[in-house]
Amino acid sequence: MDNPVNGEVAAALSTFVKGGVGPSHSSLTSAFYAAGLGDVAPYSSGSIDSPNKVDRITRACRSVWREPAGGRRLVEELLSSFRVHGVFQDSSLEMERSALRNALQQVGWTLTREGRLEPIGDIILEVGSREALNEQLNRLRRNTEDPGLLLGTAKELLESIGKFVLEEGGRLPDRTMDFPEVMSLSMEQLGVMPRNVDATTEGGKQIRKVYQAVRTVVEAINELRNAHGTGHGRTLPSGVTVEAARFMIRQATMVAELMLSAHDRQMGRP
3 MDNPVNGEVA
13 AALSTFVKGG
23 VGPSHSSLTS
33 AFYAAGLGDV
43 APYSSGSIDS
53 PNKVDRITRA
63 CRSVWREPAG
73 GRRLVEELLS
83 SFRVHGVFQD
93 SSLEMERSAL
103 RNALQQVGWT
113 LTREGRLEPI
123 GDIILEVGSR
133 EALNEQLNRL
143 RRNTEDPGLL
153 LGTAKELLES
163 IGKFVLEEGG
173 RLPDRTMDFP
183 EVMSLSMEQL
193 GVMPRNVDAT
203 TEGGKQIRKV
213 YQAVRTVVEA
223 INELRNAHGT
233 GHGRTLPSGV
243 TVEAARFMIR
253 QATMVAELML
263 SAHDRQMGRP
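Residue 81 in the working numbering sits at position 79 of the sequence shown; the count goes up by one each step and never skips.
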């Protein structure tokens, strides 16, 4: 994974403390120590040789330019300090936030509206842990800044959940499957296919309609991903508005939640 720190990102982070504004020196010191950089840019109150806030952030960033793990930790700690200080609620700082968001996107990261750092890109199409799936689901819930990219991520998350369900149920075939087959088999196992519902029972017709809507969302996500999305460019198809793409992403998160909840129930988990 790319390092979220380079010269442009360092400069963008520094804009929040120019002229001595923003988090205090002690807050920055706490962030540096939490990132393992306590000795990089020390500050001593009253000393004429102590660096200012911009210099401290710049030095800290330079120390981790070639260390992806250290870079991520530093940025996350600085963002935490900024959040506490109210940087992401201050309407006068929208230009600064936009500059930081753009700088991070250039190195493969995104900044949420709440001021949290998240990686941009495909999730790994292997059967992962439940924790990994939950992390990806939370990313989709929080981030709608780049719907063209996230349409691809939404499809890949659903496919990963489908494989996870099949593997835990002992029904993951030892062969390559395409997306429609993974989703059909996993949804059949979970009992969320329209034909699984007895329409003669009370509410059965309505639940069948709901499950049909789930299938429609899954099919639409797949078709849009095949047209565009991650791996096919980051612009939206000409007939898809940003609002429609965001709606589809939210629907995908609801499908993911339905599948995971149904799986938990089948496995006897609370």
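If you're looking for bench data, these hints aren't it; they were derived computationally from the structure. There could be a bad hint or two in this list.
What the hints assert, rightly or not - Quick list of the computed label-pair ranges, beta carbon to beta carbon:
id, residue 1, residue 2, range
1, Ser131, Asp180, 16 to 26 Å
2, Gly193, Gln108, 18 to 28 Å
3, Glu170, Val23, 23 to 33 Å
4, Glu170, Ser93, 23 to 33 Å
5, Thr202, Glu116, 42 to 52 Å
6, Pro121, Glu96, 52 to 62 Å
As the list claims (entries may be wrong) - Taking lysine to aspartate or glutamate pairs in the EDC-like style, the calculated list, with each CA pair at most 16 Å apart, reads:
id, residue 1, residue 2
7, Lys165, Asp57
8, Lys20, Asp57
9, Lys165, Glu259
10, Lys211, Glu225
By construction, the Cβ of each residue, glycine as well, lies at the ideal position given by its N, Cα and C atoms.
Restraint check for Lys20 with Asp57, where alpha carbons must lie at most 16 Å apart: holds (10 Å)
Glu96 and Pro121 - C-beta distance against the hinted 52 to 62 Å: Check failed, 24 Å falls outside 52 to 62 Å.
16 to 26 Å as the expected CB spacing between Asp180 and Ser131, which holds or is violated: holds (24 Å)
Given pair status - Glu259, Lys165, alpha carbons within 16 Å: holds (15 Å)
Distance restraint hint 23 to 33 Å, applied to the beta-carbon atoms of Glu170 and Ser93: violated (46 Å)
Hint consistency between Lys211 and Glu225 [alpha-carbon to alpha-carbon, up to 16 Å]: Given that 16 Å is the threshold and the Cα spacing comes to 21 Å, the pair is violated.
Verdict for Glu170, Val23 (Cβ pair) under range 23 to 33 Å: violated (51 Å)
Beta-carbon spacing of Thr202 to Glu116 - inside the hinted bounds 42 to 52 Å or not: Roughly 47 Å apart at Cβ, these two residues keep to the hinted range, so it holds.
Distance restraint between Lys165 and Asp57, which requires alpha-carbon spacing of 16 Å or less: Violated, at about 48 Å.
Satisfaction of the hinted span 18 to 28 Å by the C-beta atoms belonging to Gly193 and Gln108: violated (45 Å)
Checked against the numbered hints listed earlier, the structure breaks hints 2, 3, 4, 6, 7, 10; every other hint is satisfied.
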